[in-house]
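Student: Got two chains here, each in a separate frame; can you build the complex from them with the hints?
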Amino acid sequence: MFNNSFSKKWIMVRVLIMGFMLSCAFFCRAEPYREFVKLCSSSTPDGYLAYLLINEVPFPGEHSYVSVKDSKTGMIQILWVLHCRLFLIPKGYKQQHIANTSTENIIDIITANGQCEGFFANDEGLPGHDSRVCDRIKYLLKIANRGSKPGKFAELLSYAKSISSSYIKQYRIKEPDIFADIDIINAIKVTGRAYSWMANKDYYRPGGNFIAIPDSKNGAIAGNRFYTLKRKE
Amino acid sequence: MAPLQEIDSIRLKERNSVLKKIICVVLMFSLTVFFSCGASASELKSDKTIKELSEHKLLCEVLRYLYLWYLDEADIESAVKISKMEFQVRSLPVNLDQGDNSQFGEIFIPVWQISLTLKKSDYKIEESEKEIKSNGFKIVRVSRIRDENRQSLKSVSLNKNVEEIKEYLTKTRNQAIEFADQKFIERAKKVFRAEIIQLAKAKGLKLTEEENVINVSLLSPVGNELWVFWESGKLLVKFSCDTDISNPAIWDDEKVMFNVYDAYSQVVISLEEAAGSNNFMTRGQIGRALYNCIVLGKRIKLTPTPSII
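Quick mapping for you: the protein sequence lines, in order, are chains E and S. Take the first sequence: its position 168, counting from 1, is numbered 168 in this note's numbering, and each next residue is one higher. Take the second sequence: its position 249, counting from 1, is numbered 482 in this note's numbering, and each next residue is one higher.
Isolated chain S (complex conformation) (with noise of 0.2 Å):
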């Protein structure tokens, strides 16, 4: 080759190695701008959940929510003397589906050792172009749960004044649990009635004006559970699902699922007499949804009477 040939040869390579290394340069730079921004969102939604979580009066719902559904007199007694009460919060990492923005996040009460997981539903059924959003977050499940059994993720401790917590609870009383709205009570009897005839026929009872009343608990604002006991068939009916229970939509739906708990038969003192079986509730569980529904919840007759069996 010519010199001045091997000269541009060599200034060719020169060249090449050079491009070759910006490239490489300017790809990692890349890699780690896209990775970083993809952790500071996590972390921004991670924050987002503990701030809401962290409420002072969605605390303060909780803590009557497990009054009402949850404690006995074993945890009161352990936590009456105490002035101040330690909530651990923090975000639950959970790989959701495409489009899935919903929060899931975890309360865990230190002095009674129950841990409450909450979702905060915001996702679209493509099918059914139905929106599950909450207006809030909403508790998924109450455990009771050793701290080493939990997973272990960092959490914001935070210590509530008792009496601030007590002072709120008594000034909302009355108004902080809701009912459904009328329009919602009107879609609920309408699925309710259906849901009672096919009831009463598995039972083989007959259906009048006077077997027709229902007890629908209140709903909390950090629940999303219905309960209704339906007086003549000694029956415990539950609603639960992703979305709040108030949202009409849910109510619309062809098909609107139970579960359901006869309170006469399928119940035991200690679910170790029916060891291995969901279909079972305890006296002091089947007493709680009674006093929810009955005494604390509204008393609705369904009428027009549906057709005679």
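With the rest of the complex left out, here is chain E (with noise of 0.2 Å):
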């Protein structure tokens, strides 16, 4: 009779921890890893392009963060003004007195000397950035593969990295310039489109024939003031 009792407790005992191994198995079960973004090398153009785009923009809880549509704006149109650094150098102007460079190839428009902040060229030639950049880029793709599914970092990512293959591909933007028909600003005739931007504090400026766009035509974006020119008739 004991026999038969303690069997049958011991049965009883094995189930129930066959039943909380199970449950500790569904509940703790490992999650599958997941990769919702990942940027192209910044050894590659598109890679290169996409990490200035990053760079330049703030992500959720860094200051002057505004929103998702803000910040994606913000690329678009420090891409439309690496564009018309290119490809858009209005009348009496030269490239060379813009851009810093004479070039039609996007990363040299970027690494020209001054002009593009943690961007480079290096001894070799090569399109290098501060360590800086790096960090941080990392730390926003770490942040971004966090979690169930994808959220604005990764948003945000995959749109730097979506426009920026986009452009290397064609050497278009589709999104309209937002600032191509301005023609006057306090009085000052200006070529419209931005041909510069800088972090939003008025102490910053970019000297010579750079005209601030101010908040009444939206030249704040991003935490980033734009700049258009001066119009040489």
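The hints are simulated quantities; they were obtained by calculation from the structure and are not laboratory data. It cannot be assumed that every hint is accurate.
Derived contacts from chain E toward chain S, CB cut-off under 7 Å, selection only [said to hold, decoys possible]:
hint, residue
1, PRO60
2, GLU62
3, HIS63
4, GLY92
5, ARG146
6, GLY207
7, SER216
Note that the structure is a prediction, hence the values are computed from the model and not measured. All C-beta atoms in this analysis are idealised placements derived from N, C-alpha and C, irrespective of residue type, glycine included.
Tutor: Structure below.
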């Protein structure tokens, strides 16, 4: 009798242990690794361009962050600045004076001396960037690839990747340039289109013939102030 | 068709026609109510923003922030004789992400033609489940701007008695501007220690006990920046983010982002000397940062000594 009751209890215990282990296995199963976004290497032209666009706009939690849409618009307008420096030099200007280089290659526009902070041509003439640029992007990727579904970080990183790849293939931008039609600022005739951007602090200025596009003409986007040029008749 | 069937058919058509009219009216009414509610919600938010930005304490703290970080002699001289100071306050309509309840506003001070953009953050970073929530409005940007270059939106004009402002500022001179509490300092020290090791490596400096001193600026209730001066490296380090600087969550992050300025080599008299570059500060700006860090700020020794490079 003792053996029967003991056996029954032992069977119950084993069943309970099995049930407990199965429950643990179910609830504690390892999350499969998910990579919602992966960037191209910065040693490729589209990867390098994407690095610049990501570097220049705020992400959630960062100073000057407004919204995903604002940061995306910032990326597009920065791309437009680079494109304008490449192919849309206004009458009376030379590319050298605006972009500090003469080229038809977007990477040269980015790495031109003193132009895009944190991006440069190294001693071998190859495109390079500061370690801080890389550190931040690694950090953003880490956040972007967390969780059970892609969020705003993945959306912004993917957007940068997508518009960079698209631009490098065709050297065209399908989104419109919102500064294309500006022709006068503070009674000064301007060329329209933006040819420079800087951190949106009014003590920074590009100098020369650059004219800040004011708030009334939406000149501040994604923590940056955009600048057009004085028109030369 | 038999007469009775004709009558039924006519009645059916009339009934359908009436039903359609009723549905149209109900739809129009619903749309009207829906859009009215939407408009009311944004108006309420705008009113709330203006009310908070109009508070006497906030306006005084904004002035104190400008006094410490921004104004120069010419500004003070232009305002020293006025008895009333005008503030133009308004809410800024901004398209935010879904679920983001942040508020944006602007304070414009006509006597100096200074515009301040302020933000009260209130959203969540889902990936890290971090709440980005400010305990009040924080200054995001300060700029000198001509009135015609501002967005054309309605403002509320407030005229504040200068003597009352001065009384508040004097009374709260020692208490209103806070230092972060000890817990925050400990967390910040850990981050700075790691950062300074990297900076020292980059500059080829050897760290010793004596060279481990930083000077940390005050925290303003309306500011969202922390400046640190590292004495031996002569480096100014600025940290800013989208929530309260003293929020421990941001200091627990694996990577806290800084801007670094070399107070020795990245200084010019005028930014016209370095047009096109974000890399420089003027001597005036450096002076203000150093004053806030060294004279008004807190001197902290980082111990234990980081590893010798």
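Student: Take the hints in turn and mark each one as holding or not.
Tutor: Outcome of the hint check:
no., hint, in the structure
1, PRO60, "5 Å, holds"
2, GLU62, "6 Å, holds"
3, HIS63, "4 Å, holds"
4, GLY92, "19 Å, violated"
5, ARG146, "5 Å, holds"
6, GLY207, "2 Å, holds"
7, SER216, "5 Å, holds"
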